Amino acid sequence: MKEIRYRFEEENLLKSEPNALRAEDLKAEEMILNLGPQHPSTHGVLRLEVLLEGEIVREVVPHIGYLHRCFEKHAENLPYNQIIPFVDRCDYVTAMNNEHIYAMGVEQMLGIADQIPKRVEYIRVLVSELNRIASHLIAIGTYGMDIGSFTPFFWIMRDREHILRLLEWASGARLLYNYIWVGGLYYDLPIGFEERCREFVRYFKPKLSELEVVLIENKIFVDRTANVGVLPLDLAINCGVTGPMLRASGLRFDLRKVDGYSVYPELNFTVPVGEGKMGTVGDCWDRTWVRLEEIYQSLSLVEQCIERLLSDHKRTRDFDPQAVVPKKIRPARQDHYVRGEMPKGELGFFFRADGRSDVPFRCKCRSASFVNLSVLPEIARGVLVADLIAILGSIDIVLGEVDR
Amino acid sequence: MAEFSTLISKLRATWDDHLQPDEASGAVVVGAEHIRDVCAFLQSDPDCYFDMLSCLTGLDNGPEAGTMEVIYNLYSIPFHHHLMLRVIVPRDNPEVPSVSSVYRTANWHEREAFDLYGIRFTGHPDLRRILLPADWEGYPLRKDYRHQEYYRGVKVEY
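These protein sequence lines are chains Z and X, in that order. Start counting the first sequence at 21; every next residue gets the next number (our numbering). Start counting the second sequence at 37; every next residue gets the next number (our numbering).
Hints in this document: simulated from the structure, not taken from any laboratory. One should not assume that every hint holds.
Unchecked claim - Think about it this way: if two alpha-carbon atoms lie no more than 30 Å apart in a straight line, the pair counts; the simulated DSBU-like pairs of lysine-lysine are:
#	chain 1	residue 1	chain 2	residue 2
1	Z	K138	Z	K277
2	Z	K334	Z	K277
3	X	K179	Z	K347
4	Z	K277	Z	K297
5	Z	K227	Z	K239
6	Z	K47	Z	K35
7	X	K191	Z	K93
8	Z	K35	Z	K138
9	Z	K334	Z	K239
10	Z	K277	Z	K225
11	Z	K297	Z	K227
12	Z	K334	Z	K347
13	Z	K35	X	K191
14	Z	K138	Z	K347
15	X	K179	Z	K93
16	X	K179	Z	K35
17	X	K191	Z	K22
18	Z	K334	Z	K225
19	Z	K225	Z	K239
20	Z	K348	X	K191
21	Z	K297	Z	K225
Here the structure is a predicted model, which means the values were calculated and not measured.
Take these sequences, add in the hints, and give me the full structure.
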């Protein structure tokens, strides 16, 4: 018989994660409602402490950390190339984007960023954009499910499966790829990948318009999301919100355009911003609409990448995707902050290299979801409980990235 | 980095003694007690206009060096400028004024630095642990951290 180590005691709950609001301070008619950590609409293990007055939310206090896996502590004990699988697990639905930005940062520190072959860069952008589509599909589909529309969730899962199969074909894994390496790639694309990608784009475009008609422009969906959770632009910038949330608030700010990293300056795409078509600029509907428009842009980027990969940067017999991969990764002594656009916003890595070892002295991950979630208490004051769920869904958090 | 030197001279004019530009890393070392005012100036000055705090990092230099750092990565959206500010504090009493009244981004980031490094941010509206449980012992990202043996009767070592 194994000894039972943990004994449930109710007061333990108050010790490990005590409420920020105190019952003694409540006014008449007010109550504290605990939402989560196990709740379908919190997209993972997020706990919200909500102060309610009847049906109206007076205060929200998010409690995070239920999925904390000590990424930064692990990163201080691992060589740079071995951190990549951990970076995958930060935001587990957009692993390719995380890898791309991380690898870019280490390459910049090593000073080999300009030696990366163009074909490698195009493949990186291709797989990142495919993964961006997958992430936005999850965002839109689960958001639809949050506010009561069930069918589109199955549609997006069906279409996302095609992307996952493609990426599995390239890397061998469905979600956590470890495909983009510092200085190169694990493998070249498999033969026939480009044709299969084109087939997918052809298949997917009508499905996307279908999703737009059935979900985004649906009257029930518009009624639930338009004019709800309006995030003013100045508040968004002051809170450090980035990604589709910031663009929905009306600022044309996309790091792929602003910083122009990788081969994005050579590709044609536009940055959609929220226009308040159904309500106010920066409401929940705008955020979803911006994500949908970004899928169209990503599809166009995928098409352009395939075209280049079949013409200018063709697959050759002697092409080695690991040609520039350094044998020993030992950056010079420096502080370096790298950032890039992942589907949720700005993903940044702060590195301090001490110049003597292969492991970073400090590796901080500035994740987009963490910062985007911190704006929730600001925009959820004074809304209805049902709208709180709508606002939370529109932020598109992945708890793996919030807690790291 | 032509802008860097102009920025520095502008900053120098106001905070002469409390700034040490570190040209090699492109960072500016700011005295801990002035960081809030420097950030407020950088945010509101029309020539600087650093309206976004991209990242706030806590950092431990280890017991030998005896210092901890807080690193602020500022970004100006209209001018496309980057600036890295560094605050160095002693390891035995790490205390930095909070910038969360200037940049609200700092609110959670400072809580995270407090949680993992034990750096106290004075003037922070709500300085609680954010990622770890409230009754966790020690600050895990310090270089000399040893985790506790048991957490509520559950062995921490796996």
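Verification of the hints:
no.	hint	result
1	Z/K138 / Z/K277	18 Å, holds
2	Z/K334 / Z/K277	26 Å, holds
3	X/K179 / Z/K347	28 Å, holds
4	Z/K277 / Z/K297	24 Å, holds
5	Z/K227 / Z/K239	19 Å, holds
6	Z/K47 / Z/K35	24 Å, holds
7	X/K191 / Z/K93	19 Å, holds
8	Z/K35 / Z/K138	54 Å, violated
9	Z/K334 / Z/K239	47 Å, violated
10	Z/K277 / Z/K225	24 Å, holds
11	Z/K297 / Z/K227	22 Å, holds
12	Z/K334 / Z/K347	26 Å, holds
13	Z/K35 / X/K191	18 Å, holds
14	Z/K138 / Z/K347	21 Å, holds
15	X/K179 / Z/K93	10 Å, holds
16	X/K179 / Z/K35	27 Å, holds
17	X/K191 / Z/K22	14 Å, holds
18	Z/K334 / Z/K225	26 Å, holds
19	Z/K225 / Z/K239	22 Å, holds
20	Z/K348 / X/K191	37 Å, violated
21	Z/K297 / Z/K225	22 Å, holds
Hint compliance for this structure: hints 8, 9, 20 are not met, and every other hint is.
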